[in-house]
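Using the sequences and the accompanying hints, generate a full structural model.
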Amino acid sequence: MTNTRCHTRHLLENKRLDPYIKQCLEDCLELYSDALPYVRQAIKEYRAKNYVDANIHISAAMDASTTCENGFKEKKGVVSPLTKRNKNTFQLSAIALSIMNMVG
Numbered sequence: 001m002t003n004t005r006c007h008t009r010h011l012l013e014n015k016r017l018d019p020y021i022k023q024c025l026e027d028c029l030e031l032y033s034d035a036l037p038y039v040r041q042a043i044k045e046y047r048a049k050n051y052v053d054a055n056i057h058i059s060a061a062m063d064a065s066t067t068c069e070n071g072f073k074e075k076k077g078v079v080s081p082l083t084k085r086n087k088n089t090f091q092l093s094a095i096a097l098s099i100m101n102m103v104g
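So for the sequence shown, full-length UniProt numbering puts the first residue at 1; every next one is plus one.
In short, the hints are calculated from the structure, not lab data. Model, not experiment: these values are computed from the prediction. A few of these clues could be false.
[Claimed, not checked] Simulated restraints, written as ranges between beta carbons of each label pair:
| no. | residue 1 | residue 2 | range |
| --- | --- | --- | --- |
| 1 | Q23 | N3 | 38 to 46 Å |
| 2 | A48 | N14 | 36 to 44 Å |
| 3 | C6 | K73 | 22 to 30 Å |
| 4 | A94 | K15 | 33 to 41 Å |
| 5 | G104 | D34 | 23 to 31 Å |
| 6 | L17 | K76 | 29 to 37 Å |
| 7 | E74 | M102 | 33 to 41 Å |
| 8 | M102 | G77 | 36 to 44 Å |
| 9 | T83 | V52 | 28 to 36 Å |
Note that CB positions come from ideal geometry on N, CA and C, so glycine has one too.
Next up, the structure:
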C-alpha cells in the first residue's frame with residue numbers, strides 16, 4: 001500500500017496530466033493514505049489474536065484499491081495508470097483475509 005501511495009505521488013508530479021486523471025490520482029492518494037492506519041491496526045489486532053477486528057480493518061483497507069480503480073472507470077476512455085497496483089493490493093488483501101479466516 002505504501003508503495004502504491006508513493007507511486008501515485010510520483011505520477012502526480014507530471015505537469016501534463018489530464019485534469020480528470022489528475023483528480024482521480026489525487027483521490028487515490030487520499031484513499032491509500034487513509035487506508036494505511038487500517039492496515040497498521042489490522043496487524044495489531046492480528047498479533048493480539050483479535051481476528052474478527054483484524055478482518056474488519058483489512059476489509060476497510062481493501063476498499064481503497066477498488067474505489068481507486070472505479071474512479072477512473074467513471075469516464076469513458078480513461079485508463080487507470082494504477083490498475084496493476086490496485087489489483088495487486090486487492091489480491092494481497094484477499095490473501096490476508098483468507099489467512100485470518102483460517103486461523104480465526
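Status of the hints after comparison with the structure:
The beta-carbon spacing between Q23 and N3, approximately 22 Å, falls outside the hinted interval of 38 to 46 Å. One distance hint, 36 to 44 Å for the beta-carbon pair A48 and N14, holds here, with the actual separation near 42 Å. Range check, C6 to K73: about 23 Å between beta-carbon atoms, so the 22 to 30 Å window is met. Distance hint check for A94 and K15: the Cβ-Cβ separation is about 36 Å, which falls inside the suggested range of 33 to 41 Å.
Our hint of 23 to 31 Å for G104 and D34 holds, since their Cβ atoms are close to 25 Å apart. Range check, L17 to K76: Cβ separation about 18 Å, and the 29 to 37 Å hint is violated. Against the hinted window of 33 to 41 Å, the Cβ-Cβ separation of E74 and M102 comes to about 36 Å, which satisfies the hint. In this structure the hint that M102 and G77 lie 36 to 44 Å apart at CB holds, the actual value being about 42 Å.
Checking the proposed 28 to 36 Å range against T83 and V52 shows it holds: the Cβ atoms sit about 31 Å from each other.
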